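Protein chains in written order, with the working numbering: chain C, 79 to 395; chain D, 3 to 359; chain H, 3 to 359; chain U, 6 to 262; chain P, 6 to 262.
In case anyone wonders, no lab produced these hints; they're calculated from the structure.
The model shown is predicted, which means the values in this text are computed figures rather than measured ones.
Derived lysine-lysine pairs resembling DSS-like cross-links, with alpha carbons at most 25 Å apart:
{"id": "1", "chain 1": "H", "residue 1": "LYS18", "chain 2": "U", "residue 2": "LYS232"}
{"id": "2", "chain 1": "H", "residue 1": "LYS18", "chain 2": "P", "residue 2": "LYS137"}
{"id": "3", "chain 1": "U", "residue 1": "LYS175", "chain 2": "U", "residue 2": "LYS137"}
The following residues of chain U were derived to be distant from chain P, with all beta-carbon distances above 10 Å:
{"id": "4", "residue": "LEU112"}
{"id": "5", "residue": "MET118"}
{"id": "6", "residue": "ASP126"}
{"id": "7", "residue": "GLY205"}
{"id": "8", "residue": "ARG224"}
For every residue, glycine included, the Cβ atom is placed at its ideal position computed from N, Cα and C.
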Amino acid sequence: QDPVKACIITKTDTNPFFVKMKEGATAKAEELGIELKSYAGRVDGDNEAQVAAIEACIADGAKGILLTASDTAAIVDSVQSARDAGILVIALDTPLDPIDAADATFATDNFAAGRLIGQWASATMGDAAADAKIAMLDLAISQPSVDVLRDQGFLEGFGIDLGDPNKWGDETDPRIVGNEVTAGNEEGGLTAMEALLAKDPDINVVYTINEPAAAGAYEALKAVGKEGSTLIVSVDGGCPGVQNIKDGVIGATSQQYPLEMASMGIEAIAAFAKDGTKPTPTEGKDFVDTGVMLITDKPVDGVESVDSTKGAELCWG
Amino acid sequence: MANQTGASSSFEEGLKGASESVAEFHEEKSLVKKVQHWLHKTPSAVPMIVLLASVIVFALLSDNFFRATTMSTILQQIAIVGILGCAQTIVVLTAGIDLSVGAIAVFCSVLMGQMAFTFGIPAPLAIVLGLALGTAMGAFNGFLISRLKLPPFIVTLGTWQIYLSANFIFSRNETIRSQDVAENAPSLQFWGQSIDPFGVKVLYAVFLMIALVAVLSYVLRHTAWGRHVYAVGDDQEAAQLAGVQTSRIVIQVYALAGLFCAIAGWVMIGRFGSVSPTASTGQLGNIQSITAVVIGGISLFGGRGSVIGMFFGALIVGVFEMGLRLVGTDPQWTFFLIGALIIFAVAVDQWIRKVSS
Amino acid sequence: MANQTGASSSFEEGLKGASESVAEFHEEKSLVKKVQHWLHKTPSAVPMIVLLASVIVFALLSDNFFRATTMSTILQQIAIVGILGCAQTIVVLTAGIDLSVGAIAVFCSVLMGQMAFTFGIPAPLAIVLGLALGTAMGAFNGFLISRLKLPPFIVTLGTWQIYLSANFIFSRNETIRSQDVAENAPSLQFWGQSIDPFGVKVLYAVFLMIALVAVLSYVLRHTAWGRHVYAVGDDQEAAQLAGVQTSRIVIQVYALAGLFCAIAGWVMIGRFGSVSPTASTGQLGNIQSITAVVIGGISLFGGRGSVIGMFFGALIVGVFEMGLRLVGTDPQWTFFLIGALIIFAVAVDQWIRKVSS
Amino acid sequence: MTEPILKARNLVKRYGRVTALDHCDFDLFPGEILAVIGDNGAGKSSLIKALSGAVQPNEGEITLEGRTVQFASPLEARAHGIECVYQTLAMSPALSIADNMFMGRELRKPGVMGSLFRQLDRPRMEAFARQKLNELGLMTIQNINQAVETLSGGQRQGVAVARAAAFGSKVVVLDEPTAALGVKESRRVLDLIRDVRSRGVPIILISHNMPHVFEVADRIHIHRLGKRLCVINPKEHTMSDAVAYMTGARVPEGVAA
Amino acid sequence: MTEPILKARNLVKRYGRVTALDHCDFDLFPGEILAVIGDNGAGKSSLIKALSGAVQPNEGEITLEGRTVQFASPLEARAHGIECVYQTLAMSPALSIADNMFMGRELRKPGVMGSLFRQLDRPRMEAFARQKLNELGLMTIQNINQAVETLSGGQRQGVAVARAAAFGSKVVVLDEPTAALGVKESRRVLDLIRDVRSRGVPIILISHNMPHVFEVADRIHIHRLGKRLCVINPKEHTMSDAVAYMTGARVPEGVAA
Ligand SMILES: Nc1ncnc2c1ncn2[C@@H]1O[C@H](COP(=O)(O)OP(=O)(O)OP(=O)(O)O)[C@@H](O)[C@H]1O
Ligand SMILES: Nc1ncnc2c1ncn2[C@@H]1O[C@H](COP(=O)(O)OP(=O)(O)OP(=O)(O)O)[C@@H](O)[C@H]1O
Ligand SMILES: [Mg+2]
Ligand SMILES: [Mg+2]
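The whole structure should be built from the sequences, with the hints applied where relevant.
Encoded structure:
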């Protein structure tokens, strides 16, 4: 009998987050004897490559697809045709729009992840939060959904009026110095931070889309001697990021669990291939929540968190 | 005055009785010679050979590859690149380059969608307006290039950014969902329909691409306008001196390219169902279409090559991508191998050309 | 034999006493004429004028712009593009194009970092090895282009993908953190150090970029090798017939470009602190460097332009980006306006050239 | 004497530091063959480029049939009936002989294929091209579909001359049409020039070949250092005189040194 | 008779359907001026391109000083002392006159600037270029730093001829060197050719100008339809004979029709 075939399709495979997700899936697949093929887009937001990947999976006769969608609404038709071909489609990390377009969703709530760091930053600053100077280091001008959710979550947590919650950059709060895009890497974080510092040297809160961007922003702050007096917050919870919490580079980060999502997904596909069972969502939610945890060494009241030592045990690479 | 002839150049007397027959040489007609000659006369056949070879190799590597459904999937995957490639072909033939093709396509798909949804314009009218706007965007490129004499690379680099960010701003980053399109403006999804002859689904979009390639090939080869496009790319100054209205041709070419891009934008709605401003064609469409054009043997210096070659170029890339996906390499290794295979394909192409000449 | 002269062309008697002085014409020397003539002779001055004008405009629009710190920030932001631009300049002068510059830079920075960390090679040796490997990658491009006669666009498109995915595979997507580099291999961060003359921080990287531009400018203008680079780009066949070893020059040019990219990779470590395989330069370095080259007035068809122009081109882009960020807020609009301004800058450049000729 | 059909006064053309035309005058009368001779670099090509719109003179005035004209491009000049063979030939190297010959005046198939589908009539264009080339004695062209870049230097020039001669209407300008041509082919070009004149079309012929010039020209315009030095009648002056004038060995009568 | 310095037997060169050389033979003897004449497209340029490595013949053998050679590129031929002026001139249009003249043999500054920094000696190169051009009578070049593309047709040819004549060592090949040149400049080139021969260097001269050919040539190779038809001595045949042979009007003695 042929082994069960499965696919994992990530947004890109250069972002460590997705790399780890793939590694988790691969490990689990090997354990369960599943033949796993992996695909990825070329740039963030690459919907076409994901459509092509789904088509390849269908052509290849896969049993299940794990998908982190780049464009949650645009991919729906392709997902439907995969399901029509009898394939179990599980959305990882990012829910589809509508969420029931996939058979199941194993996700973190990115908005909640953003809100946690927003609350933490606001609580850490205390009264000074009223006249904070905030730099927003986002992902890309095409504003993919993670980008918007994390950004808007942060702002809500910090207590800033969102304007249109489906779009970043339309906020009018004077505390925001500006938004810049970083492509989610050190280089982007650095150049974006330099530009914002030229605009207003008094920035004291920096939101970053992920930890590499945070590391880049830190370098820019260090260059002007402001690394001690500025709060940097981020999302992801990768091991270098947690290490950076320990070293005081990043103040707090929201940790997510890509390895877990992926291995749960593979298990679900194995179960489906065996007897057709589909996973059931977490109680009270329409998806399986794999959770998010605030990591910081400076806990504040009212926001649950763990320290970097604990975070390092849970981190994903 | 004939009396002067003798005076000025007496030696011309030797001309009397000069041979009047056109030079001819006998030639052996061995099979090899014939094949060589055929290849020499039909340069677009060379990428075809490379294509066939790669199909055979992948068929040996993966059982699922050489199937009608897989083939039709490859065709539908290259439909958009193929249409953008038509736009790129005419531009490159004039020794230009158009980096904005993908951005125009995505922007036009968004314009059609938004006109139909936000402004409630009937879908067919929205499509026509979208096509017209695409043509206008292309014509704007052409205007800057031919009237202000700016380098095409810079103009289209600039308009790429302009059209792409206009697209994000105009659409407020909102995707129009497939169900909504299907319900309210099904004609936007026209090219996503398919026929199903022997159980193999073939999208209308595929037929459209093939039709566009065929028409363009005819126009370039068999009409005066097509010859003028080649002449402009070959040597713009010479063409101008020879009586070609070069700057008009350049504007027309970019405008037509804009129209092709707008068509590609319409096809995108059909293929993906939804209308998404973040479609990566906006970012990558230019490189993809230029790749197809160059693999197809069209010179980036203008004036040489054929649109059929571009079509095979797009197919070669499509076959490689699908083949490697089915063989199941890791994405990074896939990118690595696609890079290597593209070089290899062109190397083989060059080698066949050399042997055949 | 002189006796035959009369016989063959009697009219040549008229030659006796032909004028022997070199033609000269008197010319007015008005100020306008002099400026025109100077611009005509120094074409790289034109982008400089555009640059100065844009600095002035932005200084009027934003208070924060015309400050020493902002200026030094702009310089440090273009340091990497400037060095990649040097690589791109020599390649484009030979009528080539190098899409792999960014990928080589990132890959080399990763190679240096991994050699120092994973393999424990002493940092200075790791740097030397990294530079050598970068040169080798460039030479490989050059080999494919000059020996196999493949189009530069396709070769470097392929190697772009190859080097970039090799970079991800080799590094397993892992970033080496700034703190670790500073502790264990500080020489990797050499170019990130700065001097601080009047309270204005200027990175070593900026001086390196300026030095490279100056040296390259000298080499291209004042050595035989530089002239040969121009000749190859101008008309490769003619250069070959005239006795230039074209294929050797092409390989050398790409190898040197690889070396420049490797240097840029080293500079990246200094500038960003960390060693990251995902740096955007890998994806965008090629477009950014080509943009600088084209804005600087270097023809993509080869043989015309100067590296100084490229430097001003990179500065113009840097000034626009920083200026618009300081003036505006929304990144999407910033992106839009950068596109428009780039076209505008080149249009002004062309206009000045036209007026001055 | 009649009025000149094409007249120029005080033309000046400068390229940066180089002066190519220095207050140059020019007259072409109806139905004549006017030869323009002069040293290399005297400014002959620049003169006819200015007359045919290929370059814009910095100063000066051009009149065609009495009306002042300013050609922004060779296309405009051609619309006024001025047909040129430039020294650089103005051919598209990668296109075929027939394509080049008919560039801008293509023949279309008869019937719907031509009117609706605008299809070119390749066979007719090729036959015409072959015939014109045979008339010029270029019997060595084996393949009429050859790209122009693969032709020999002389063959290429022949194609350009055939094109201008076949289509010129009001004024035909030939810039060194026989430079690369062989003995037989040159002779045919001279015959052709006389043919064209016999159709009543005046011709400007630039050439360095004195026997040819003295054989066909009605008047000879001698160009020197960017100026018209003088105009001579070939029947009243010897070749030797002409050579002496154009090289500056002697100054013609009535011209200040 | 001595041995030929450069000899070719049975050269064949085909381009697709076109046959440019059809079992062609060739001999050049030491110290002679050999003219090659023939109709346009007869294959003269193809012959010398094959001899100088610019194209590779499909069949046939070339011997230089008795040794069989195969030149893969013009560079190799030049390394053997064969210097060519091609009909297409082989100039880099955007570079200056001096740059082109010294391409591949640049002069460097004396002292460290030259040896260590490898700086070109611009003034010396320009002075040399100016002198060579003056020797050719090209007095109209106003700016020695002009790009070659801005030169007039004749000036450009002059630069190419000056380059070959100044540097040729074993064999100098000139493909229609006077085609675009004026009367004075052509005369200077003929003088130059004689100069070069008097240095003992043999010359191959391709030309359509019969008076010139008969004036300087020691032997005349008549090319017809891709073949050597015959070799004649200019003292024993008239120009008229030569023209008749090359156009096929008459068949020389001893050659089958
Ligand atoms: N674009 C240009 N830039 C600079 N100088 C130029 C340009 N075009 C022509 N010249 C100069 O103008 C002068 C006249 O050139 P022109 O081509 O008119 O000469 P010509 O009489 O046709 O010579 P020939 O007989 O060699 O063809 C020459 O000295 C030439 O170098
Ligand atoms: N690359 C090529 N492809 C096809 N045909 C060619 C090519 N090069 C030359 N030919 C053909 O070969 C023949 C000989 O050309 P060649 O240039 O040797 O003639 P030639 O004797 O030098 O003529 P001319 O006196 O006009 O310079 C011509 O018929 C020409 O059309
Ligand atoms: Mg001329
Ligand atoms: Mg020839």
